[in-house]
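Using the sequences and the accompanying hints, generate a full structural model.
Residue numbers (the working numbering), protein chains in the order written: chain A, 67 to 271; chain B, 26 to 747; chain C, 14 to 202.
Just so you know, the hints here were simulated from the structure itself, not pulled from any lab data.
Where hints are given, some of them may not hold.
Unchecked claim - Quick partial rundown of chain A residues pointing at chain C, CB under 8 Å, derived from the structure:
1) Val97
2) Gly193
3) Leu205
4) Ala206
5) Thr207
Just so you know, even glycine gets a beta-carbon here, dropped at the ideal spot from N, CA and C.
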Amino acid sequence: MAENPPVINHLQTRPQPVYRQDLCIACGACVGACRASARTLRPDFEKARVIWRFVPEACTGCGRCARYCSTGAITITPPGHLHEYFQIIRRYCPTGAITITPPADELTLSKAVKETSFPLQKCSCCGNHYASAFAIAHLATFLPDTFLSTCTACRRSKTAHSLTLQLLKIHPPNSPADVPVRDSGSLFESRVSYRTEGSKRGRAR
Amino acid sequence: MTVHRVRTICPYCGVGCGLYLLVEQGRIVGVEADPEHPVSQGGLCLKGYYGYNHVGDPRRLQTPLIRKDGMLVPATWNEALNFIAEHLIRVRRQDPDAFALIASAKGTNEDSFAAQKFARVVMGTNNVDCCARLCHAPSVAGLVPTLGSAATTNTIEEIGSVTETIFIIGSNTSECHPLVAAHVIKARERGAKLIVADPRHTEMAARADIWLRVPVGGNIPLINGIMHILMRDGLINTIRVNRMAAGFDALAANLAEWTPERVENITGVPRADLQAAAHLYGKASTAAILYAMGVTQFANGTENVLALANLAIITGHLGRSGTGLFPLRGQNNIQGTCDMGCLPDFLPGYVHVGSSQKQTRFSHVWSVKPPSKPGIRATEISEGIMQGKIRVLYVFGANPVLSGPDTGYLMKALERLDLLIVQDIFLTETARLAGVVLPAACAAEKDGTFTNTERRIQRVRMAVPPPGDARPDWRIFSELAREMGSSAFPYRSPEEIWGEIRLLIPERFGGVAYKRLNDGPGILWPCPDEAHPGTPILYSDNVFLTPSGKAQLKPVPIDPEQTSAGIVEKPDKDYPLVLTTGRRVYHYHTGTITRKEWVLNQIGPEELVEINPEDGRRKGIRNGDLVRVCTRRGLISARAWITDRVPPGTIFMTFHFWEAPVNELTGRAQDPVCGIPELKASAADIKSISSVDARMIRRQKKERYLVSLEVPVNRRNVTKGD
Amino acid sequence: MPRQFIIPDKAKCLGCCTCLAACMLTHREEGAVPCPRLFLTPTAQGSVPLQCRQCDQAPCAEVCPVHAIEVQGEVVVLNEKKCVGCGICVLACPIGCIEIQAARQTAATGITLTTSILLPLTRSEQDEKKMRKIAVKCNMCYFRPEGPACVKVCPTEALRLVDEEDIRFWNLQRRQAYASSIGFQGAAE
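The structure is reproduced here in structure tokens:
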């Protein structure tokens, strides 16, 4: 045997994600869900954009991105279980006789959006870019936007600032209940969240 | 499996918190706080809770190592002791003063006593010093002539329960002595006022009622300014001061020049703040001063301490509960090590080596007359080696290659030694250069006593056996002495050594018996007899330990031309910044122990240079950039942390990391009185560098400190001690 | 629903990081990502550790696309196996007490932390690629019968476990204060 091992054509069997840019909020769920690292989301602070990239060659068509997409911007066709099924067949073949050929033809994939960019949201407190503006807008549809416009570090700062006044101490009568956030001048303003800072360094190199 | 609990003392800073080690099958598996301990009261900081894994670390030294053909190879104790003894006998015959010993402040009192006795009795030299030279030597030089004793005057517990105004100067209390800071917080809850004088916006400064942002080196103008205001506003009871102290008139004359305007010009501290602080301290019924390295580690450290002593004396904040001076000690047993006489000019109990009538009891008990010529100081050793005076150096539980000033020079000097003997628990940066390395037991592996910063003598207990062939330090000294033909070390247990200490210094330790320590929470010296409860408050009734019984006021002489902070190496065109050094809460000194603890290393994985945003902007440095810090003596690389914690023109670094050994940068400028180096101020420059350059510098440091040498030595012996 | 959460007392905190260390070790022993779930937040009045308030209608649980965050009884728990590290919960948290951390899987020691919230500056770009990103949030040490580790180790008792009873008491106090302030103003006029 093994003269003519069965070959399954990847191209015909692999499901492909279909992406609708108008629905995408660049939240990053697909990036985190993708086990093949076919998607990346990299902020570009100079242009105040976040860039979403898709590498079709790396995509295995597992369908996790579609399953976890917050807004339904990614759908998968045909259903992802087909590919998983072939993967299972291959895994259980004792001699490794079954192989799955890599995609040979790029043509059908060329229509897929490979790269797009979204605006970044600027923190209203410290001025750092901290997230995709569309993601914030999406959240603002069902969450109060009192805190959404600030980055996490500033939210913590605000929380820490109002901490004792809110809960542990009673407001003395006739005292201003709200102490403005960061009334301390510039103290510690430079300490920002790691997400923005870490990425900034990446850009600097 | 049963877990048994061993009550002992935390081996990190000088606060001496009580803890229980949980031991299971000869291994420490956890730590519990001791709720009955008078200082820690059931609290511990993260080093106390999680800093125990070094005890069972496979990198612990387990056998003696001897350098053969340039390599450190394992040897037996007999070989090692023979080798050292031969060498030392030869040195002793030629010139005993060619031997110097740096004692550890982390060992027990018994270890320290054995170390200095070894140097004095067996070797016949006073060349014994400890790392107090790098921290609180000015406290000894400043407080002994003025008050009579350099120790903390009151208990830490009083800060929390009694004190009305707390003045913290030059101490990052919440990071370096967290459990003392806990008492300060407790006092604040009670309504006590807190004044903090610090160039950095530390956690304590953030919580202070008044924060005086004094520049690095501006302590003397500040304190003199406070005293001037107190005098001007009539807050000083002249009659009382004259009754308890001598030299008030000279001080008053000196203070007249320190107007708040002048202080503001020199230090930049607003006069209103200064006045408020002065009134808060002067009007309080009980006020305490807490100070640490920010006062002492200057070339005028002794004068800084004198100024603080003057302030405490003229306001009468001494000798009562809740008042006093608190020199916060950095190491677990630095107080004890000084008490035990690991100082070149003092025998145990602070008996000066030159005073012949007091020496008789030593010659009586030791049957050898201790040498009367003061020895060489730790900070002078590198100079001494270069001049050929010191030929053999014995380093016991210290890491001067990272902790000493200008370590580049020190490393050059160490190469010239005939023999470097290092006795430690790990293969430290210093040990990697040694001719002989002796493995010691750590604090959890031996019995003995520690003396904490408030003079409390506390019992340390053995929880687990030492790894491999490691031995307690006192035993190593005893065996070495025996090898050299001395019969002065007949000890079989630390308790016997402690017996000798009690015999020699009855006025301080006479009543401190092991059985009292075993049961109780420790005893504060002086405790002359077994019925004595110990002395929580020194100088009560304003009786001082000076010869006259009165406190001595010593005006701090001033330079009328002085217009800026008093530091030796002032910033200039080439080196425009002041580099100041210190510690962070999650690491301990040179990191020999804490860098091996997983959790501490995760919280503090890397050195960060604190840079003010203004300087950052001017130099084009952003948060997280790699920077090169250089002074006239060397350069190191680290990551920048742009923060307002430091004032403009000042950068801050720690000495925990061999990757960024800041003591390569510090200078050798010394205090002329006590020899403390000016570790707190050097002129420096910073520059942003690429990661390639940073990696190159890191590689250089790695080669320089022979980091690759520290691999588990003789792993097969790990279980031998079990 | 009777709920519990932890709030710090800013006046008592020393900024000593003991709670962070306790959090890291407790979760490491449990097999979770060994990152501190507390965020030491600097303010002009000193640092203070903040952590999740276990919101009733937790926005993080609402927005999680993979349903990794769930309200389990009294605690909002993040299932680390499900989390894909997208970070939408970070944006949804009103107090900023969820952060994405990166953990690296190594054969010898299991998951090791390669970053720390205390010193967010110490990571390099290359590290980032190798690491699995995951959200971390306080889960009140729900697996520990003796309660949250951070509360236990704090040397100054700055962290306080708050339950329904406390909230009711504080509310009462505040109402009283408000009442007296109205009364005071009225009398003055």
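Here is what the structure says about each hint:
1. Val97: 7 Å, holds
2. Gly193: At 16 Å from the nearest chain C Cβ, glycine 193 of chain A fails the 8 Å test, so the hint is violated.
3. Leu205: This hint holds: leucine 205 of chain A lies near chain C, its Cβ roughly 6 Å from the closest one there, short of 8 Å.
4. Ala206: 10 Å, violated
5. Thr207: 11 Å, violated
In summary, the numbered hints that this structure violates are 2, 4 and 5.
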